[in-house]
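S.K.: Add chain B to chain A, keeping to what the hints say.
Sequences listed follow chains A and B, in order.
Residue numbering for the first sequence follows my numbering, starting at 34 and increasing by one per position.
Residue numbering for the second sequence follows my numbering, starting at 34 and increasing by one per position.
Heads up, some of the hints might be wrong.
Treat identical chains as interchangeable: a pair holds within one or across any two.
Unchecked claim - Here are the simulated lysine-lysine pairs, DSS-like style, with alpha carbons at most 25 angstroms apart:
1) Lys203 x Lys318
2) Lys327 x Lys484
3) Lys327 x Lys468
4) Lys35 x Lys318
5) Lys198 x Lys468
These are computed hints drawn from the structure, not numbers from a lab.
2 protein chains.
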Amino acid sequence: MKVAKFGGSSLSSASQIIKVANIIRNDSNIRFVVVSAPGKRNDSDIKITDLLIALHTNHSIGISTTSIENQIIDRYQQIAVELDINVAIVKEFQAQLHDLLQTITNSDRLLDALKSCGEDFNAQLISQYFNKIGLEAEYKSPEAMGIFVTDEPGNAQLLKESYAKIATHKDSEKVLVIPGFFGVSKQRNIVTFSRGGSDITGAIIARGVEADIYENYTDQSHIYSAHPGIVKNPHAINEITYREMRELAYSGFGIFHDEALTPLYEVRIPIQIKNTNAPEIVGTKIVVDRGEVKKYPVIGVSGDEGFISVTIKRYLLNREVGYTRRLLQIFEDHDINVEHIPTGIDDISVVMRANQFEHNNKLEELLEDIEQQFEPEWIHVEKDLAIIAIVGEGMRDTIGIANKATAAFADSNISLRMINQGASEISMFFAIPSKDLKKALNNLYQNYFEK
Amino acid sequence: MKVAKFGGSSLSSASQIIKVANIIRNDSNIRFVVVSAPGKRNDSDIKITDLLIALHTNHSIGISTTSIENQIIDRYQQIAVELDINVAIVKEFQAQLHDLLQTITNSDRLLDALKSCGEDFNAQLISQYFNKIGLEAEYKSPEAMGIFVTDEPGNAQLLKESYAKIATHKDSEKVLVIPGFFGVSKQRNIVTFSRGGSDITGAIIARGVEADIYENYTDQSHIYSAHPGIVKNPHAINEITYREMRELAYSGFGIFHDEALTPLYEVRIPIQIKNTNAPEIVGTKIVVDRGEVKKYPVIGVSGDEGFISVTIKRYLLNREVGYTRRLLQIFEDHDINVEHIPTGIDDISVVMRANQFEHNNKLEELLEDIEQQFEPEWIHVEKDLAIIAIVGEGMRDTIGIANKATAAFADSNISLRMINQGASEISMFFAIPSKDLKKALNNLYQNYFEK
Numbered sequence: 034m035k036v037a038k039f040g041g042s043s044l045s046s047a048s049q050i051i052k053v054a055n056i057i058r059n060d061s062n063i064r065f066v067v068v069s070a071p072g073k074r075n076d077s078d079i080k081i082t083d084l085l086i087a088l089h090t091n092h093s094i095g096i097s098t099t100s101i102e103n104q105i106i107d108r109y110q111q112i113a114v115e116l117d118i119n120v121a122i123v124k125e126f127q128a129q130l131h132d133l134l135q136t137i138t139n140s141d142r143l144l145d146a147l148k149s150c151g152e153d154f155n156a157q158l159i160s161q162y163f164n165k166i167g168l169e170a171e172y173k174s175p176e177a178m179g180i181f182v183t184d185e186p187g188n189a190q191l192l193k194e195s196y197a198k199i200a201t202h203k204d205s206e207k208v209l210v211i212p213g214f215f216g217v218s219k220q221r222n223i224v225t226f227s228r229g230g231s232d233i234t235g236a237i238i239a240r241g242v243e244a245d246i247y248e249n250y251t252d253q254s255h256i257y258s259a260h261p262g263i264v265k266n267p268h269a270i271n272e273i274t275y276r277e278m279r280e281l282a283y284s285g286f287g288i289f290h291d292e293a294l295t296p297l298y299e300v301r302i303p304i305q306i307k308n309t310n311a312p313e314i315v316g317t318k319i320v321v322d323r324g325e326v327k328k329y330p331v332i333g334v335s336g337d338e339g340f341i342s343v344t345i346k347r348y349l350l351n352r353e354v355g356y357t358r359r360l361l362q363i364f365e366d367h368d369i370n371v372e373h374i375p376t377g378i379d380d381i382s383v384v385m386r387a388n389q390f391e392h393n394n395k396l397e398e399l400l401e402d403i404e405q406q407f408e409p410e411w412i413h414v415e416k417d418l419a420i421i422a423i424v425g426e427g428m429r430d431t432i433g434i435a436n437k438a439t440a441a442f443a444d445s446n447i448s449l450r451m452i453n454q455g456a457s458e459i460s461m462f463f464a465i466p467s468k469d470l471k472k473a474l475n476n477l478y479q480n481y482f483e484k
Numbered sequence: 034m035k036v037a038k039f040g041g042s043s044l045s046s047a048s049q050i051i052k053v054a055n056i057i058r059n060d061s062n063i064r065f066v067v068v069s070a071p072g073k074r075n076d077s078d079i080k081i082t083d084l085l086i087a088l089h090t091n092h093s094i095g096i097s098t099t100s101i102e103n104q105i106i107d108r109y110q111q112i113a114v115e116l117d118i119n120v121a122i123v124k125e126f127q128a129q130l131h132d133l134l135q136t137i138t139n140s141d142r143l144l145d146a147l148k149s150c151g152e153d154f155n156a157q158l159i160s161q162y163f164n165k166i167g168l169e170a171e172y173k174s175p176e177a178m179g180i181f182v183t184d185e186p187g188n189a190q191l192l193k194e195s196y197a198k199i200a201t202h203k204d205s206e207k208v209l210v211i212p213g214f215f216g217v218s219k220q221r222n223i224v225t226f227s228r229g230g231s232d233i234t235g236a237i238i239a240r241g242v243e244a245d246i247y248e249n250y251t252d253q254s255h256i257y258s259a260h261p262g263i264v265k266n267p268h269a270i271n272e273i274t275y276r277e278m279r280e281l282a283y284s285g286f287g288i289f290h291d292e293a294l295t296p297l298y299e300v301r302i303p304i305q306i307k308n309t310n311a312p313e314i315v316g317t318k319i320v321v322d323r324g325e326v327k328k329y330p331v332i333g334v335s336g337d338e339g340f341i342s343v344t345i346k347r348y349l350l351n352r353e354v355g356y357t358r359r360l361l362q363i364f365e366d367h368d369i370n371v372e373h374i375p376t377g378i379d380d381i382s383v384v385m386r387a388n389q390f391e392h393n394n395k396l397e398e399l400l401e402d403i404e405q406q407f408e409p410e411w412i413h414v415e416k417d418l419a420i421i422a423i424v425g426e427g428m429r430d431t432i433g434i435a436n437k438a439t440a441a442f443a444d445s446n447i448s449l450r451m452i453n454q455g456a457s458e459i460s461m462f463f464a465i466p467s468k469d470l471k472k473a474l475n476n477l478y479q480n481y482f483e484k
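Bound conformation, chain A alone (with noise of 0.2 angstroms):
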């Protein structure tokens, strides 16, 4: 038995959810449908949940809302006149939309109401298309799914106590359509999931109904062993592991948001990559175990720009028991998050993201307490710094996984600002100019893939 879950652009126009329900139909194992908001149906399109927000602003601001409230009735007016359905569910739309800026005082629950209006009139509207064709189908809020969450508004996060309930509905007899994105709280509130969205539902829905496997439809079949905008034609992967896809995010690739991974991976079930488009594709799948360890030690190489580098010597520096602790409670203190801390005898470099120092002074800051508590002859920031990971399980039963990426570096003259590799062997991280990714990237793919 399957959980399938529909990203935004696969739910975007009437057309994509004929493409929709036709996978439906020909797969009976898929008794769940979690679905997004419509998503863009072209690059200048707006995506629902976007206008939802403006809603929000307009009528926090006191501007006229009727505009914004026109263009998304119109838009779920489109998609239904097109699929042929009673288009009264639309005025009931509408209706809902007003009730709710009238009722709901509090901003912030408002701003939460309303974006869940995206993904839950979907579900609607979908739910009477599948009736309409034959499907038998019935639409369930989050709540009688009973996806039960915190109550902080926009960072639901879910009571374990939700699986029991969800669990009730395993043998329903028609295709359970569910908004995706935001559960409900012991309050009775509407409140969304902060990151990931849809995903968590879906994620959800498929360890509380005890899934065989996760369907995740979007508009790509595949991940990737490096990424397609920066390496040309990256082979497709058949499985990769959660803990290689996390290594993997960390610097570039952004399928999954880690709040949607966790349920699955507690309990192993598997996540299938489908493309909405090109059903027939098999697509990645992501498990907690792979085969073919061996033959693939590297799965992919991946990067991101955006590192800074803070490195502190003093002599004698090694000798002084916990400073390394101390130093990081400096970070700790000044709310970094520390990424890589590659450590010499003298010295200790400290490698963050770079995007935590934006505001105000915060990295001179950071260094002033530093040089207070530290007193380092030598303190030196590197900017622009990128991150490579390579990443496989493979690669701890490999001899020579590290010399082809220096090699790689080597050849292309690319000097190595720091490297680190744990003893857990997933995965290898190089920092490295920025200006170098591109060139680097490349390199890499082909010293793993290509020859």
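M.R.: Leaving out everything else, chain B in the frame of chain A:
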């Protein structure tokens, strides 16, 4: 102007002392001579310092000390006779030993006082011999020189005001002969240095009198680019920086103790390694900045066994703010010094010296605490690790340094357990299985220096 320090093997017998006298005679720039106690004359010999410690032990437990006392006195007597100087001085040494044993009741104080005699007697003998052969010299006790230290037995720390006092001897017309290894406290106790012995005294005097260079005479002419016991005929180093030496010393090179280097590093006085038995050889110079950094980016490779790593893994570990600091706190609570901390996304390894776990259940207790405080999915301990250091001030600006290393490991089929290179890039560390250490060092040496 130079300060010269002579080690135990350089002063173990009359014939060695004659060599030392010739060195002083041939270099009128040497104005201060710091001496060790007589060392071993051959492999089965016993150092005077060890005899003095045994004297203390026997005295403490109430066993007759006559035999050991005689051995000590006989040794000085033999030197005096062979140097043809008045043996009356040796009688004074014997009286002084007796006096100490009878007057000092505190055992730790007595030990320090007895140990200091090794250097002190030798300095007196040598000074007398210098004068006999027409080399105008004067014995100066640490107290007379102004070497004032803290009062904890066996753990003397120099008091900074000493330098000004030492400086008053700067223009002495005679060559001053000073015993190494100890100073005097404000309470007028003799206190020995904890480590580094006479090297520290030499460094302190060199700094106090603002020497141009500190010559350190032992039975070696050079520091080598790899351990001669492991790599066959490694090349001698002409110039090495303080920091390079410290990074190399970390994993196997053991010529100097840090305490002995610090006073000189701070004021940029270079150290010249010299061989008493071959003073015509220039030897290795230790400097703050060296030339030829571009020509020889790597100065040496070294390695040491006896490391252990603890790796913990938990999905989403990376998202917890401050987890590294919290983990290091546990190690600190267990009094464990940590050497390297390679990090992945959801795993972190801690590498440290294994000898810290020799007693009781220290490792088990540490792991239990980690288990409780982190609830990792997976905790892995790897024993029998060796750490290899590749060191050189020029590494930062040279492409391909890492590649030569990883090539050496890959070619010798060695699995890399950890790689650590930070932004200061004066060193690069690799953890490998201990069994592969010899092979790795030999291949690395070849890759850096022979190809």
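S.K.: Work down the list of hints and note, for each, if the structure agrees.
M.R.: Hint check results:
1. Only within a single protomer do lysine 203 and lysine 318 lie at most 25 angstroms apart by alpha-carbon distance; the minimum there is 23 angstroms, versus 78 angstroms between protomers.
2. In the homo-oligomer, the alpha carbons of lysine 327 and lysine 484 lie at most 25 angstroms apart inside one protomer (17 angstroms), although the nearest pairing across protomers, at 32 angstroms, exceeds that limit.
3. In this assembly of identical chains, the alpha carbons of lysine 327 and lysine 468 lie at most 25 angstroms apart only when taken from different copies (24 angstroms versus 33 angstroms within one copy).
4. Proximity of lysine 35 to lysine 318 under the C-alpha cut-off of 25 angstroms is restricted to the intra-copy arrangement: shortest distance 14 angstroms within a copy versus 72 angstroms between copies.
5. For a Cα distance limit of 25 angstroms, the shortest separation of lysine 198 from lysine 468 qualifies neither inside one copy, at 52 angstroms, nor across copies, at 56 angstroms.
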